[in-house]
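Chemist: For reference, the chains in residue letters:
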Amino acid sequence: AQSVTQPDIHITVSEGASLELRCNYSYGATPYLFWYVQSPGQGLQLLLKYFSGDTLVQGIKGFEAEFKRSQSSFNLRKPSVHWSDAAEYFCAVGAGSSNTGKLIFGQGTTLQVKP
Amino acid sequence: DGGITQSPKYLFRKEGQNVTLSCEQNLNHDAMYWYRQDPGQGLRLIYYSQIVNDFQKGDIAEGYSVSREKKESFPLTVTSAQKNPTAFYLCASGGGPDRKYGYTFGSGTRLTVV
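Chains as they are written, first to last, in this note's numbering: chain W, 2 to 116; chain L, 1191 to 1304.
No lab work stands behind these hints: they were computed from the structure.
Glycine residues also receive a C-beta, built at the ideal position from the N, C-alpha and C atoms.
Check the hints yourself; a few may be wrong.
[Unchecked claim] Pairwise CB distance ranges, derived in the manner of DEER restraints:
#1 W:T6 / L:T1195: 24 to 34 angstroms
#2 L:T1267 / W:R70: 38 to 48 angstroms
#3 L:N1216 / W:A2: 26 to 36 angstroms
#4 W:G42 / L:N1274: 17 to 27 angstroms
#5 W:H11 / L:E1252: 22 to 32 angstroms
Next up, chain W with everything else stripped away, as it sits in the complex (with noise of 0.2 angstroms):
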């Protein structure tokens, strides 16, 4: 079965410090995957996808995720992180044959930035 998974719960960087979310996933075909982001009591934001092509991808916010097919990742990353990016974040990962189009969310990583 697919399934998406977010090693860490919680983290906490200094503002300034570079960020590394890790997203692990399990799935057979080649996969469609996202990372959103989630401010307190608001909806989830789309920051990046692959589906094909170039296996590291540019997203909104200064952020950037490789997909390395070996490792079955799709680590989130970004050089210096700011105040505004403390919220939680989902990986996510296109499931299931072409006709039923669910993504299948990974637990969440919730990060904290010191100032």
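Following the hints, complete the assembly by docking chain L onto the known chain W.
Modeler: Just chain L, lined up with the frame of chain W:
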């Protein structure tokens, strides 16, 4: 601008009451989804619909009901059979055959039992 509108933003339910959460989209998406979010539990799928007049149970459908009479609308009813309804509810659209585009989410409804 296209998007998804959820209403109300806050909703209070008395014991034994049914309440309905609204979700409307103008993105022309065929598929729509309802998720429940509790602290530390991520997103759990309640119901989804891939086409008008058709919907499927998700992982936690008990105590909930939906309808899909129009492409734009996918209301969720939290019935009195749902024993612990206090949560944040998110509606999304997208996926389907074009699942590579992911979902668009609404801004959520926070339901509280009083």
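Chemist: Please go over all the hints and tell whether each is borne out by the structure.
Modeler: Hint check:
Our hint of 24 to 34 angstroms for T6 (chain W) and T1195 (chain L) holds, since their Cβ atoms are close to 33 angstroms apart. The beta-carbon spacing between T1267 (chain L) and R70 (chain W), approximately 42 angstroms, falls within the hinted interval of 38 to 48 angstroms. Between N1216 (chain L) and A2 (chain W) the beta carbon distance is about 34 angstroms. The supplied range of 26 to 36 angstroms therefore holds. Distance hint for G42 (chain W) and N1274 (chain L): a CB-CB separation of about 20 angstroms, consistent with the stated range 17 to 27 angstroms.
Separation of H11 (chain W) from E1252 (chain L) is about 30 angstroms and conforms to the stated range, judged on CB atoms against 22 to 32 angstroms.
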